[in-house]
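Residue numbers (our numbering), protein chains in the order written: chain A, 163 to 409; chain B, 263 to 528.
FYI, nobody ran anything at the bench for these hints, they're computed from the structure. One or more of the hints may lead you astray.
Result set (PhoX-like, lysine-lysine): computed pairs, CA atoms no more than 25 Å apart in a straight line [claimed, not checked]:
1) A:Lys405 x B:Lys325
2) B:Lys484 x B:Lys446
3) A:Lys174 x B:Lys377
4) B:Lys281 x A:Lys406
5) B:Lys318 x A:Lys405
6) B:Lys325 x B:Lys491
7) B:Lys397 x A:Lys180
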Amino acid sequence: MEIYYLWLRQIKRYTRSKSRMIGAVGQPILFLLALGYGIGSLYKRAGNGNYIEFLVPGIIIQTILFGAIFWGINIIWDKQFGFLKETLVAPVSRLRILMGSALGGSTTTLAQATMVFFLSMLLGFRPYNWLLVPLALIVAMLFTFAVTCFGAGLASRVNDFQGFQAINQFLIFPLFFLSGALFPIQGFPKALKIIASCNPVSYSVDAMRHLLINQGYFQLWKDLAVLGLMVVVMVWFGVSSFKKIET
Amino acid sequence: MSDSIIDVKNLTKIYGEHKVVKNISFSVARGEVFGFLGPNGAGKSTTIKMLTTLLKPTNGTIKLDGTNVIEEKNEARFSFGIVFQDPSLDDELTAYENMELHGVLYHLPKADRIKRSEELMKLVELWDRKDSLVKTFSGGMKRRLEIARGLLHHPKVLFLDEPTLGLDTQTRNLLWDYVEKLNKTEGMTIFFTTHYLEEAENVADRIAVIDDGKIIANGTVKQLLALTKTKDLESAYLRLTGKQIREEEVDPNEAFRSRVRSRRMR
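Next comes chain B alone, as it looks inside the complex (with noise of 0.2 Å):
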């Protein structure tokens, strides 16, 4: 077995002319919490949809806990879990039916999907929440039980793609320390986007920056502070991208959505 959980070479992901990702390669260790940081439309949303089998890339190879993420989706499936940017609940299902069908479809023996649910579900302060409907629950709520269901087939990678967005910091604070603990005592590799750089900055063991499709710093908090020469994060992320505004392409589902979504939270 190599020190490294996520192995990436360089990949790849071209869409029409459009170039999103550009030829990058990195890896992460076991055990580790990896900040992955970017603007918008630098390519961090594609490369997480390419880690976790929602995209195919253009080129280049991904492996997963030794899994041809390409080749071997299935297998490689089993071995993470995630919490996408947009909540992923089904909001007509309770709490508990949405960890139940999630435990299903990783085939999870039953009497280790009920005596796992509970556990998380305490963990993330839900469980006396488990028979509610999903619809009824807040942001923050939402957020940690997907945390709870991305963890319950036993990954030994969790995506997190903004996971705080949105949150207040009450929130935020609880939601790492459960990450944090479950890095601890699980040894999971916790793989995050943020753009909460102070967050990052108190997480991550190690931190890569991409923009514009390519991976322009790769290393711990120190070694940005020391190549940046500044003294705190968001100093070194600003002189790594600049300090220019994104004009991100806004994809029309992705519009459509945040519409309802606003609308919704009236």
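Next comes chain A alone, as it looks inside the complex (with noise of 0.2 Å):
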């Protein structure tokens, strides 16, 4: 009951500002259409087939990652500006809170990337076989509640906006440019291979290639294991996080 409702909170004030669903949508189509149509002759030429095709999966993966961990500035703000001390004298535990926060920016995010989804088919995209697609969903709701969680264990151990933004530069743009998302992980020189591999992002992006175009550079149980692990994980460092915070 109460999950529900904190969970619903975060859907209405999302679906209340329009900037935030134009915003979070718009980056990824952004860099869909700029790569896309920019480099996707160069590929072309290269012999590598469709780029748009290629880069789809990246690029959903990419909403997911800003878009969760932009998220995380919603705890930020909950911090900064008492929402936060409401739901913590309340007779609920600090995991209820987080869960249903958190699974409230899991369904905004992993709607934006399905917004980005069907926008890509407006370009061209199509999955190789539909059949596969729910199992493509499973991953990017999976992944995103990694990053969901990630991002609020963030927010938690950073007290302001300029903090989590620096964050944002130097961690989340480095694992977005080295996961192979716009770029075929072959083609990396050896030092980047290795830290693609290293990137658990890499491996998420390769799975929806798996899935949506039956294109990989991993094997697709590894990239499972690695996001089974990566959740774990992840959930582990939010809600720690979580409960560490002091008012």
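Hey, can you piece these two chains together into the complex? The hints should help.
Structure, rendered in structure tokens:
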């Protein structure tokens, strides 16, 4: 019951803020258009096939990664402007407070990713097998929940928006660029290949590619194993950080 | 059932080397309006945070309506309501949605939640604005809504941490009227802090003064005046705490909040 209402709160806050809805979908679409058409012809000339097709799974992961991390700002906001205190003095465990909020954040983020998926279909993208799309959705859900918990954990430990922005710049952007979301890892220099293999985001990008366009760099079972591990670690990180908040 | 609803014994809070609250003991009687006064940085807020389960004391015991606040946090949380110094509403929700969420968090049965929300929002004269987003409310309206919300779950004690800070005289008077009404009709115990001494003088049955982490006086207004041989509470208070201005160490969080607040008010 509490979890449902805390979830609902996030949904209401989200649907009442039109700029947030547009902004969150706008960035990935911009990437898709700029890179898709900008690099697409080069990619084709190099004999790699259709770049937009290659790019879409990566852009979906991008939508989720940035959307879910950005959602963490809500926690800072609640912390700074008091609403968090209201929940912390209530007879509800912190685990439930975090789960309700994080599920809400995951839902809105996933809705954005779904929008990006359908918008990319307008640009000609087609998944190679529709039967695998529900599986891709499950991968997207797990990845979303993991990153949301990570964002909540970071937000619990940081006290101002600037600090959160810095983490965004120096941690999330590199994780994204070195994940193979935009460029095939096959073409990376050796050192970057090693980094990409240590980057958990790479495996979710790869899983999405396996399921949506039947291409991949790692094996699918490895992707799923890393994703599973990531969910466990991130939920643990989020919960333990959230429990430590002192007002 | 004992006569005191709040029972604090040897309460201490130490941050690193910094002793903020030093071994204080006091009790508040059932149905009493209790004023907790002290200069900035004296330990008022820290004490309230410990009383309301937000902060774990270094030492000592707190009993709230017979419940051990430190060990049985959740039970204790049902028995008090609190209005914080800073607003703690969700601005993006409507007034009614804020009430609703509070009722859910405190496991109030639905019928009771709906009925009492209406009663309380009428009491603080916000019923006709129930579907407005809180961000469209003035400071006084927000404070009234917070009082209504804090009372929703039938608490036995209401904590008010500087409830009238930044409000105009009219709103302040109105607010104390509500509080006195609640105290009379529901027999609710009120524990409040304020920097407006005439307010404390008017409404408090009993007052404790805390300075430098210690309680330096505790009694009725009359007793405090007699103790200090003064004519009004302000003189008594200054006699007790001295005229020196306190330099409070600023918590970076707090500094950030007040910066944003002042920007929003412009």
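Hints versus structure:
{"no.": "1", "hint": "A:Lys405 x B:Lys325", "result": "holds, 24 Å"}
{"no.": "2", "hint": "B:Lys484 x B:Lys446", "result": "holds, 21 Å"}
{"no.": "3", "hint": "A:Lys174 x B:Lys377", "result": "holds, 23 Å"}
{"no.": "4", "hint": "B:Lys281 x A:Lys406", "result": "holds, 21 Å"}
{"no.": "5", "hint": "B:Lys318 x A:Lys405", "result": "holds, 13 Å"}
{"no.": "6", "hint": "B:Lys325 x B:Lys491", "result": "violated, 34 Å"}
{"no.": "7", "hint": "B:Lys397 x A:Lys180", "result": "holds, 16 Å"}
Going down the numbered hints, you'll see the structure goes against just number 6.
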